[in-house]
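J.: From first to last, the protein sequence lines are chains A and B. For what it's worth, this note's numbering labels the leading residue of the first sequence as 1, then goes sequentially. For what it's worth, this note's numbering labels the leading residue of the second sequence as 535, then goes sequentially.
Rather than coming from a laboratory, the hints here were simulated on the basis of the structure. Predicted model only: the values in this text are computed from it and were never measured. Worth double-checking, as some hints may not be accurate.
[Said to hold, decoys possible] Which stretches of chain B does chain A cover? Using the computed rule of at least three CB atoms under 8 Å from a CB of chain A, they are:
#1 564-573
#2 618-631
[To be verified] Calculated cross-link-like contacts (lysine-lysine; reagent style DSS-like; alpha-carbon spacing at most 25 Å):
#3 A:Lys209 <-> A:Lys342
#4 A:Lys309 <-> B:Lys548
#5 A:Lys209 <-> A:Lys375
#6 A:Lys342 <-> A:Lys309
#7 A:Lys342 <-> B:Lys548
Here a beta-carbon is modelled for each residue, glycine too, at the ideal position from N, C-alpha and C.
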Amino acid sequence: MSNPLKDMEKPDVIFCIGTNMTECHPVAATRLKKAVANGATLIVADPRRIRLAEMAHLYLPLRVGSDTALLLAMAHVIARDGLIDQEFVAARTEGIDRLLEHIRDFTPEWAETITGVPAADIETAARLYGRADRGAIYYTLGVTEHICGVDNVQSLCNLVLMTGNIGREGTGINPMRGQNNVQGAGDSGAIPNNYVGFQSVSDPANQAKFTALYGREMSLEKGPTKVTALDRCGEQIRAMLIDGENTLVSDPDRIHGEHALRSLDHLVVMDIFLSETAELAHVVLPAAGWAEVDGHYTNTERRIQRVRKAVEPPGEAMPDWWIITQLAQKMGIPGFDYESPKAVFNELCSASPIYAGIDWDLAESGQYQWPIPYKGHPGTPRLHEDGFINGRGKFMLIGYRDPAEVVSADFPVWLTTGRRLESYHTNTQTGRAEGIDYLLPRETLEVHPADVDAWGLANGGLARLSSRRGSVEVVVEATERSPRGTVFCSFAFNDVPVNILTGSGYDPITQTAELKVCPVRVEALIEEEIGLVA
Amino acid sequence: MQNPIPLMEAGITKTRSVCGYCGVGCAVDVMTRDNRIVGIQPAMDGPANEGALCVKGQFAYDFVHHPDRLTRPLVRRDDGKLHPTTWDEALQIAADGFLRAAAEHGEASVYGIASGRTPSEADYLMQKWVRAGFGTHNIDNCSRA
Ligand code: SF4
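Here chain A stands alone, though its shape is the one from the complex:
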């Protein structure tokens, strides 16, 4: 997030796109509700009539996967109606002329044909955001889990730069991170293109720095992403170490993922449970989990916070940092003589320009938001206040692309996936917490009541959901949250593995899977058939 969580109470116009915030980030949503109670205008763009949409002053029910078209048309209206912040654009951006040329043809009427949102509503949304004193954008996986995920984010950036809604209280472009420490994993260099602190691996200066620090020659070439690596299992990729991630259930195209992991010569998994992924491993290492280790998480507003051990891990389970240290020592890798997580964290901070101003003891307060470039620096709750790190903000020229697969005669319905409040990701954790089983006993397929009738389904009855990759059975729930022609299912439950269906494409830049969109066929399952399906 460019802005701190507490800024969520400050905007006068809020634009939420592809974020089911009341379910995925409930405590953050509470702050937005406060802003709305104080008079802020809320615009929500989402294919599903989620709870946030019910709260909205303006709801834009766009077709799944059509975000770019909506955002292009909003940019068009902002330019057409003279709502560009000329002063900001002149002082802090570049490329506005090319952008204005580019968006001239992307009218709201054009976007209506793609998104299904009335042109007049697109205009209203653009005017509201364009005229805002403090306009803030919030988004989540609904925007990034598409083949055009990067296009969507850059289209949002264009709106921000055109209107100068950045670098001030209550503004900004604010991705809400899903998992508790996804931000920290990226910060720490667990990505194929950057060392710790987002230092590019392609930069020879960084290569020299880490060659010295890690005691061996570093490659200048980016690594493959996880998606590409799974594709290459059994060929270029022969051995994998996986930490605490139920790769099999959470990745799209599950049949492919299982095959990939099975074709490895050597798979080592660290986890707290014998997950579906761990069951395929050659070696399973029992890890200490939440409340059993000391360390740090970095949250969605870049705040670094200490987590503490409150109980002993069960049996012989050990903290991940210890396990990796021991493994590295057995392999003779130098530089792994850590005796505490404190030693690890202090090395991380000293190697990272954005954590350079803190260490284990300073981080104790939980008051620091990165970048903290030097000791004595107070941290940076709000990014881009005085300028952009890389000079001027660049407008990007983005076009609209269809999803990797579109509906057809065989697969006439859009399936979109997501998460529910009570369940968390693949359920290896909450699936075992009794309180949560009670709240959400089984997964359902959300279908508009008129579609339930039209397709011969029954509310509470079983349906078979098929895509080009496979099929699953699931209980139907009639609800007006789903629009006509679009159904929703969460990916939380292993007994309804929707990721057998999904996985039709990836964003060419980030290779984030297109989990949000998948054309399917929905058929009623009659009683006699139910006994036969595996």
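Please arrange chain B with the ligand on chain A, whose structure you already have, making use of the hints.
T.: The following block gives chain B with the ligand in isolation, referenced to the frame of chain A:
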């Protein structure tokens, strides 16, 4: 307000930590007794949550003490099944397999996937293990979720 005295009399200890479920990062007090978690309280002074907590953060901690937790290292033997073993043997087999893959198929044949749930210390060491061990950037995490 909580009165700390009765808690201490009941043998309950409070440990300040952060919820492990989503990116908001709500600060919590983990209440424990006899090495078991007995409750979670929101931290009133938590910078991200200021005393708020959602249903996940409040109640979904039973998994910590679930009987299905892994308690011993496991290795796959000739019968194709996973069997419990010592840390020393499990780590040795793990290490040998990576060294063999690197020797036979090159250092780029080894890949690491870090977690978006573990503390940053684990993520940092996962990437260092790949980079310092093999000189490649064959590392990613589950940034998707
Ligand atoms: S309590 Fe709820 S909102 Fe807060 S970090 Fe946990 S899951 Fe997220």
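J.: The structure should be examined with respect to each hint, and the outcome stated for every one.
T.: Now the hints, each set against the structure:
Proximity of the region 564-573 of chain B to chain A, defined as three or more residues with a beta carbon under 8 Å from a beta carbon of that chain, is established by the 5 residues found. A stretch counts as covered by a chain when three or more of its residues have a beta carbon under 8 Å from one of that chain; for the region 618-631 of chain B and chain A the count is 8, and the coverage holds. At most 25 Å may separate the alpha-carbon atoms for a hinted pair to count; lysine 209 of chain A and lysine 342 of chain A meet this at roughly 22 Å. Distance check on the hinted pair: lysine 309 of chain A and lysine 548 of chain B sit about 11 Å apart at the alpha-carbon level, within 25 Å; holds.
Restraint check for lysine 209 of chain A and lysine 375 of chain A: satisfied, since their Cα atoms lie roughly 21 Å apart, inside the 25 Å limit. With a C-alpha separation of about 13 Å, the suggested pair lysine 342 of chain A and lysine 309 of chain A falls inside the 25 Å cut-off, and the hint holds. The suggested pairing of lysine 342 of chain A with lysine 548 of chain B holds, with an alpha-carbon distance near 22 Å, which does not exceed 25 Å.
In summary, the structure agrees with every hint in the numbered list given earlier.
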